[in-house]
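Given chain W's structure and the hints, the job is docking chains S and G onto it.
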Amino acid sequence: MRARYLGIAAIVVYCLAPFYWMLVSSLRRTNDIFDSSPWPSPLSFESYTAAFAPGNGFLRALLNSFIVAGVTTALVLLFATLAAYALARVEFRFKNAVLALIIATSMFPGISLLVPLLRLFSDIGWINTYQAMIVPNMGAVLPLAVWNLTAFFRQMPHELEEAAQIDGCTQGQAFIRVILPVAAPGVFTTAIITFIAAWNEFIIALSVVNRQELKTAPVITSQFTGTSRFDSPFGTQMAAGVIVTIPLVILVLLFQRRIVAGLTAGGVK
Amino acid sequence: MGKHGLVVRISAAASALVLGVSGCGSESANPDSPSPPALAGVGPITLVTGKDFSGNLQHQLDEWNGQHPDQPVQLIELPENADAQRQQMVQNAQTRSDAYTVLNLDVVWTAEFAANQWVVQLPEAEFPLGSLVPATVDTARYFKRLYAVPMNSDGGLLYYRKDLLDAAGLTAPKTWSEMSADCAKVLPANPGVSCYAGQFEKYEGLTVNFAEAVHSAGGSVVGEDGKPTVNTEAARRGLSFLVDGVRTGEIPQKARTFKEEESRRAFQAGELLFQRQWPYQYAKAQATDGSSAVAGKFGVATLPGLSGPGVSSLGGHNLAVSAFAKNKRSGLELIKFLTGEQQQRANLEKTSQAPSWASLYDEPALVARFPYLTELKKSILGAKRRPAVVKYQEVSVAIQEAAYGAMSGTTGVDQALATLQGKLDALTR
Amino acid sequence: MTRRGSGRLAAGLVSPTLVVLALVVAYPVISAVRLAFYRREDGIDPETGLIRAGERFVGLDNFAEMFGGDSTGRFLDALANTTTFTLAGVSLEVVLGVLMALVMHRAFRGRALVRASILVPWAVPTAIAGLLWRWVFQADGVANDLLPGPPVLWTTDGFQAWVAVVVADTWKTAPFIGLLVLAGLQVIPNEIHEAARLDGATGWRAFFSITLPLVKPTLLVAVLFRVLDTLRMFDLPYTLIGPGKEATDTVTVLAFEEAVTFGRFGPASAYAVTLFAYVAVVAFVFVRLLGADVLGSRR
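Chains as they are written, first to last, in the numbering used here: chain W, 1 to 269; chain S, 1001 to 1429; chain G, 2001 to 2299.
Do not take every clue at face value.
[Stated by the list, open to error] Simulated coverage check for chain G against chain W, where a stretch passes if three residues somewhere in it have a Cβ under 8 Å from a Cβ of chain W:
id : stretch
1  : 2021-2033
2  : 2140-2149
[Claimed, not checked] Far from chain G by the CB rule (all over 12 Å, computed), these chain W residues:
id : residue
3  : A132
4  : A184
5  : E213
6  : A217
Read the hints as simulated data drawn from the structure, not as lab findings.
Every residue gets a Cβ at the ideal spot worked out from N, C-alpha and C, and that includes glycine.
Only chain W is shown next, with the shape it has when bound in the complex (with noise of 0.2 Å):
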């Protein structure tokens, strides 16, 4: 029993120790940056000040990858909710192979779809623009989410649609009033995996978006360039990839349950 909880303690540090390290720099005086103790002494919001400076303009890319991050989900799950239904409760022909298809698109490399991208977005005027960065973000996600909700509508018994049609419904009402509900779990993980995924996605919002008042959180981060004049921006990247990580971090907690639960993809089984 020992042995177990030792193995959980390390699992734990092993988890935690890199984030606990960015909290602990976050929260050194700029001069201590380089300090090695276990924890910050003097404490120093000094970091965090810096962070939310005026002139980083934090704060607005804060709320533009609530945008982003908002709008992906819910049109991903909009749109992916029903493509799902289609694949698991509608007989029509190339069913697999539609599946397969969108299953695949995740298979091309990223990086490589960049140019082509920014070529396409620059020549219909999307550069610099919310759309040109949810549009990627939900191509990205897309497989994923129809895959999941796939798995989740299929394992749903037909008896259910079917006492729900003979009640009168349309196939569509039958969704509505019965199907969702019942997936509620499955759309949530969704939600969860999605809005994570959209939250973090950098490589296209670097790319497709220069003006400061558009970028995202880990954008801003990234380029953070300290803001005093000794200031190396270590603790300042640090305080912010704390701030940027810390509304999954609150997700998780809360969720942790419906997210495993939601990945076992069996509420009905």
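Just chains S and G now, kept in the frame of chain W:
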């Protein structure tokens, strides 16, 4: 790029000159220089620059904004790393974004940005080019046309621990062998201090340091005729200075992870006896707020060389106007403002950056305040440019590959240089 | 409902997804494949020094250069790194991930907190993780403070840089595997464990003979996703070690360097297309030989 980039034009003249050695001489009114198109557009603009080490740039822009409320300028700072800065500016051009108006270009980027028409040609008559350090104006020209105006110059200096040398009765070394000898005398009594470091991470700074070593040994990277000359005895001696330094431990191993800021931290922490660095470090290392352990204990000199004083790589930045900006006229006016004598003087006084305005280096009051100005002027006047080629990035990466491999001990000096010569031949063919 | 009607319904439901994918994946892919056979003009006008605009068709030149030209050495290095990162990284992740899942699966006090902490690395944005690990692994960073012996120069080219990338990647993604395996574990009915216990199967024997086979379908799919991801690894080698290092450049780093640093879109696309072929083959092997049930059609 974009639409016209997609047009496939099969050109018969594919073998045209790739090496565009720009401007020859500093004559400002060049008779055969075609006049540039007039620049129009007045209104809000942006100034895009690498990390403003000094913190003074915003003050200068505030002053501009006070005088020009109808055309305010917003400062956009890019990361410290020069390669990352260039990437952002290239991307701005490739996406034809109007987010950037005035670009603060590293001197080595002029050829690439001009040849790709990412920046516009500037009217020479509007700038007091004759008052600027001639070598810096050369870096702003491409094919005899002016594409940028020097904002500040830069030359490498040898920072040394005056306290330690004085204690041993030594003065700043003029040659590499003197430097080694000094280290042999001083270091045994000072554990934790290493002999020498520059910027040796695999990035643009390594190209600068490699070129300095080769030039300081009497060689060159690219000859007068534009042909690469790295497979020579002089280049071998130059690279050997760096390689032997690492092998014997005179250059500490961790210097291979140094960019400007890492090496500055090492010097300020008192870990180095000698260091090659830009002038910006002077003010920071003199700081008495506890961030520098060497304040008041160091001096600067020109770089040492093989058999006499060494040769610095010419650094610095030029201001150019993005071809995709809306308010180009305002951009041009901002360049005039920042490169004028008044702002150049104010900037030197507030920071320790090398001005492009020539007369400032000799003003007694300024020299008294910044004792390194005399050394810096020598360094800049004697400095050699890095190759001025359109494919500069590829040239620079090839150089980094050779120098990094040799300094890590994975390739021999001879082999590294032979390979480099082959690559540069191909790139400048 | 008629067959034809349901076909139309399905088309309507699937088309929004397909439209998005066509715009941001299919179009760029086709464009990239086309680019792989072109090269930028690089001649300059001898009068003005301006670069001639345009591209020219070069056939298979870009590929020939990778497999027997100037860039062969770099490409083969990168291919080897891509492969070893995937093999080493994913193996470590599977072992750690399964261990994590087993620990999380049992009931104990504070399980919710442990679970949440295991999810933290997964939630940290990759770009931020890159900064964090660079901070940890720099010459005077905490990794060297904790390790005995002389400081290791993690970010210089060499085996240690490779190790640094694997460590960072494993930290970030082992929890994801753990999560999926845990999901698999939780659908195993408790009776099976009970039955095994009654049969006298305990500890590791129970794990290998009962748990692992039951988790295998989930694990295979999880591993497939990770393998595909790791084969395309970019952020960590690029931000943690930096480009141009023999020991850590991956094929995507080469492609990015060619495209963004040098503006040579042709060779960049050729790298990408080759990598895509490699990824496709690996995916095929997984699905066919190992029976990873990606489409879920056998459920």
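Of all the hints given earlier, name the ones this structure violates by number, lowest first. 3, 6
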